[in-house]
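**Q** Sequence:
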Amino acid sequence: MFLRWMIRNDNRAVVFGIWNGIPASELMLPLDVHTGNVARKLGILHRKSNDWKAVEEVTQTLRKFYPADSIKYDFALFGLGAFEKFENFIDLASLQKIMGRNNYFWFKQFLVIQEKAAMKVGTDGVLLGAWIDVQNEQKILDIGTGTGVIALMLAQRTLAQITGIEIEKNAAEEAGQNCKNSPWPQRIQIKHTSFQDFAKTADFNFDLIISNPPFFTNDKKSKDNKLAIAKHNDLLSFDELLSGSDKRLKDTGKLAVILPVSQAKKLIEKANQKGLHLIRLTEVKPTPDKEANRFLMEFSKSYAEIKKDGLTIFEKGGKNFSTTYKNLTKDFYLNF
Numbered sequence: 001m002f003l004r005w006m007i008r009n010d011n012r013a014v015v016f017g018i019w020n021g022i023p024a025s026e027l028m029l030p031l032d033v034h035t036g037n038v039a040r041k042l043g044i045l046h047r048k049s050n051d052w053k054a055v056e057e058v059t060q061t062l063r064k065f066y067p068a069d070s071i072k073y074d075f076a077l078f079g080l081g082a083f084e085k086f087e088n089f090i091d092l093a094s095l096q097k098i099m100g101r102n103n104y105f106w107f108k109q110f111l112v113i114q115e116k117a118a119m120k121v122g123t124d125g126v127l128l129g130a131w132i133d134v135q136n137e138q139k140i141l142d143i144g145t146g147t148g149v150i151a152l153m154l155a156q157r158t159l160a161q162i163t164g165i166e167i168e169k170n171a172a173e174e175a176g177q178n179c180k181n182s183p184w185p186q187r188i189q190i191k192h193t194s195f196q197d198f199a200k201t202a203d204f205n206f207d208l209i210i211s212n213p214p215f216f217t218n219d220k221k222s223k224d225n226k227l228a229i230a231k232h233n234d235l236l237s238f239d240e241l242l243s244g245s246d247k248r249l250k251d252t253g254k255l256a257v258i259l260p261v262s263q264a265k266k267l268i269e270k271a272n273q274k275g276l277h278l279i280r281l282t283e284v285k286p287t288p289d290k291e292a293n294r295f296l297m298e299f300s301k302s303y304a305e306i307k308k309d310g311l312t313i314f315e316k317g318g319k320n321f322s323t324t325y326k327n328l329t330k331d332f333y334l335n336f
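Going by the working numbering, the letters in the sequence shown line up with residues 1 to 336, in that order.
Each hint can be trusted.
Cβ-Cβ distance ranges computed for the label pairs, FRET-style:
(1) F2 x K316: 46 to 56 angstroms
(2) K108 x Q186: 13 to 23 angstroms
(3) E269 x N136: 26 to 36 angstroms
(4) L159 x T323: 24 to 34 angstroms
(5) T323 x E269: 28 to 38 angstroms
(6) M28 x E305: 50 to 60 angstroms
No wet-lab data here; the hints were simulated from the structure. Backbone N, C-alpha and C define an ideal beta-carbon position, used for all residues, glycine too.
Using the sequences and the hints given, assemble the complete structure.
**A** Below, the structure is given as structure tokens:
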């Protein structure tokens, strides 16, 4: 609170603004019972305890609205908190919609803004980013990066230099901003290009190529062109994905992909024909009593015995996440 008074300058004599050595953009929200309660009701804070992690969460959310001086919202949050039943005269549903509650996704170490990208953060991408075995990779390529979530996850998990490519302009811009705002901007580069062009022109190869690719083929397309690009493989067929990966992988490199089972089987067959061998396969079930609906796959240029296992997302009944899934994703999801 003291830093807020001394650093901020709103030209209204509410704060002093006499310290110029620290920018207002670096300030953290002073969090008390009132601001915490209001922030939770508005949907900009989800952590239950009023601790430092809650301060970080709500401050990062407010920086989305006004990065240069996000703490200017402090007085408004505190003032609303003085009215115990303020929700009676404020349309919370409308306010939450205006603030874009579904336009961002918080992870433990980074924030993903998803206002422009057609494909939002989903289970498939998070699964793939958490599942792939990474050890000493130095260069990683994320094909169809979307919001940049997989690139960000791998930046958290490794010390590698990561390139994300995205053919849809709005998504590429958003992914670039997400990576720029992350703790690892110097290690992630986002390029607005097709994989076909990138595979032809890149002057280096990768230890790991990873992709949560579009997989619809003859299905009816969405009227939203951005969504159609994200979901349908017209602009990147399996043959092109495999040929480009074979060209841009190091001899010891690997390709990691997640797909629905029917499409995964087609990819495995095509990969084998192109000299990319399946070396690891995880069958993903939604619940223990259902069939697998996704395959997590790892391919290599070198033949090896396939390592097979299974993963269940939910416990029986579909209400609670399985312990295995929690353990796999606990470094990322806030509630695990």
